[in-house]
Amino acid sequence: MEDYGLLVAVATVSAAATAQGVRNLLQDNGIRATIGPAHAERRGGQGRLRILVFPEDAGRAYELLCTNTF
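The working numbering numbers the first residue of the sequence shown as 1 and each following residue consecutively.
The hints are simulated quantities; they were obtained by calculation from the structure and are not laboratory data.
Don't take each hint at face value.
Here are the computed distance ranges between Cβ atoms for each label pair [said to hold, decoys possible]:
{"id": "1", "residue 1": "GLY59", "residue 2": "GLY5", "range": "16 to 22 angstroms"}
{"id": "2", "residue 1": "THR69", "residue 2": "LEU6", "range": "26 to 32 angstroms"}
{"id": "3", "residue 1": "ALA17", "residue 2": "GLU56", "range": "26 to 32 angstroms"}
{"id": "4", "residue 1": "ASN24", "residue 2": "ARG48", "range": "15 to 21 angstroms"}
{"id": "5", "residue 1": "GLU56", "residue 2": "ALA15", "range": "16 to 22 angstroms"}
{"id": "6", "residue 1": "PHE54", "residue 2": "GLN20", "range": "16 to 22 angstroms"}
{"id": "7", "residue 1": "THR69", "residue 2": "GLY5", "range": "16 to 22 angstroms"}
{"id": "8", "residue 1": "ASN68", "residue 2": "ALA16", "range": "23 to 29 angstroms"}
{"id": "9", "residue 1": "GLU63", "residue 2": "THR18", "range": "17 to 23 angstroms"}
{"id": "10", "residue 1": "CYS66", "residue 2": "GLN20", "range": "16 to 22 angstroms"}
{"id": "11", "residue 1": "ILE35", "residue 2": "ARG60", "range": "15 to 21 angstroms"}
{"id": "12", "residue 1": "ARG32", "residue 2": "THR12", "range": "15 to 21 angstroms"}
{"id": "13", "residue 1": "THR67", "residue 2": "HIS39", "range": "24 to 30 angstroms"}
Glycine included, C-beta positions come from ideal geometry on N, C-alpha and C.
Given the sequences, and given the hints that come with them, work out the whole structure.
This is the structure in structure tokens:
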């Protein structure tokens, strides 16, 4: 399991532009978000990015992501 300190991952993407789009969506809706690397512990994980939020925002972030696709 990956440790991002106080933050939790709400999405994993393979392209930087997609990560920026997800982060912008969350921030536009008042959710603080950042982008971090996904560790390559599993096959094919190299180069992937995680979108991270504070735990108290994770539920709302997930709902936003479920209703918006990229």
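So, going through the hints one by one against the coordinates:
Between GLY59 and GLY5 the beta carbon distance is about 19 angstroms. The supplied range of 16 to 22 angstroms therefore holds. Checked against the hint of 26 to 32 angstroms, the pair THR69 and LEU6 passes, with Cβ atoms roughly 28 angstroms apart. Checked against the hint of 26 to 32 angstroms, the C-beta distance between ALA17 and GLU56 comes to roughly 28 angstroms, which is consistent with it. For the pair ASN24 and ARG48, the supplied restraint of 15 to 21 angstroms holds, since their beta-carbon distance comes to about 19 angstroms.
Restraint check, GLU56 to ALA15: a C-beta distance of roughly 28 angstroms breaks the suggested window 16 to 22 angstroms. Remark: the range hint 16 to 22 angstroms for PHE54 to GLN20 is upheld by a beta-carbon distance near 19 angstroms. Distance hint check: the CB atoms of THR69 and GLY5 are about 28 angstroms apart, inconsistent with the given range 16 to 22 angstroms. Checked against the hint of 23 to 29 angstroms, the C-beta distance between ASN68 and ALA16 comes to roughly 18 angstroms, which is inconsistent with it.
For the pair GLU63 and THR18, the supplied restraint of 17 to 23 angstroms holds, since their beta-carbon distance comes to about 19 angstroms. A hinted range of 16 to 22 angstroms for the beta carbons of CYS66 and GLN20 is consistent with their spacing of about 19 angstroms. As the Cβ distance of ILE35 to ARG60 is approximately 18 angstroms, the hint placing it in 15 to 21 angstroms holds. Between ARG32 and THR12 the CB atoms are about 18 angstroms apart, so this pair conforms to the stated range of 15 to 21 angstroms.
Separation of THR67 from HIS39 is about 28 angstroms and conforms to the stated range, judged on CB atoms against 24 to 30 angstroms.
Hints 5, 7, 8 from the list above are not met by this structure, while the remaining hints are.
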